[in-house]
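S.K.: Modelling step: build the complete structure from the supplied sequences, incorporating the hints.
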Amino acid sequence: MKECDRLVALGRRQFLRSGVATAAVVGIAASAAEHGARAATSLARVEYPAKRLANIKDLKVDQPVTIAYPDDDSAGVLLKLGRPVEGGVGRDNDIVAFSIICPHQGFALNYIAADRTLNCPGHYSRFDCEKGGQEIWGHATQNLPQFKLQIDAQGDIHAIAVDELIYGRLSNVL
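Going by numbering that gives the first Met the number 0, the sequence shown opens with residue 0, and the numbers climb by one from there.
Hints are computed from structural coordinates only; laboratory data are not their basis.
Ideal placement from N, C-alpha and C gives every residue a C-beta, glycine not left out.
Take these hints with a grain of salt, some might be off.
Using 27 Å as the maximum straight-line C-alpha spacing, the simulated DSSO-like pairs for lysine-lysine come out as follows [to be verified]:
#, residue 1, residue 2
1, Lys130, Lys50
2, Lys130, Lys59
3, Lys50, Lys147
4, Lys147, Lys56
5, Lys56, Lys130
6, Lys130, Lys147
7, Lys147, Lys59
Estimated spans, in silico, between C-beta atoms of each pair [said to hold, decoys possible]:
#, residue 1, residue 2, range
8, Pro83, Gln104, 30 to 36 Å
9, Gly154, Ala67, 17 to 23 Å
10, Asp70, Asp91, 16 to 22 Å
11, Leu169, Ile55, 32 to 38 Å
12, Val60, Asp155, 18 to 24 Å
13, Ala49, His122, 17 to 23 Å
14, Gly167, Ala49, 19 to 25 Å
15, Arg51, Gln104, 27 to 33 Å
16, Gln104, Gly154, 32 to 38 Å
17, Lys56, Thr140, 34 to 40 Å
18, Glu46, Asp71, 14 to 20 Å
19, Asn54, Gln104, 31 to 37 Å
20, Trp136, Arg90, 30 to 36 Å
21, Asn54, Pro83, 16 to 22 Å
M.R.: Next comes the structure, spelled out in structure tokens:
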């Protein structure tokens, strides 16, 4: 009998009782605790070269502007929400940008102005644009990636970073 066949035959419960699993979990936990102490001081955000998205004068409240960031294969949306919001920039801190690729299975999200959410037609996940893309319903297991924005003296809006992993990528590295 092959080694892997014996492992399958062993069964999950017997494996967990064996002590091998316990030793592995203890080792992983110790490593995670050590890494967590270092990671807690770093930012999850990934910085990219600045990319111009639009100008402030081109934005109207609750009228989404389609963008691509950090590259042309990453669809996003730029929004002026009309009131100060988490992560907002501009005079009124009301301009935000998000990936519109659902973090659950990659469906394209739709903006609903009535409740200022981005909604997935695939499995109905919903993300709150006023709360940094926080998931408020559905199957997604992470919040929506939000783009960090800066505005220059001419009113041009530039994206410079992403705060979550974009769906379909192993990392946010270009």
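S.K.: For which of the previously enumerated hints does the structure constitute a violation, in increasing order of number?
M.R.: 10 and 13
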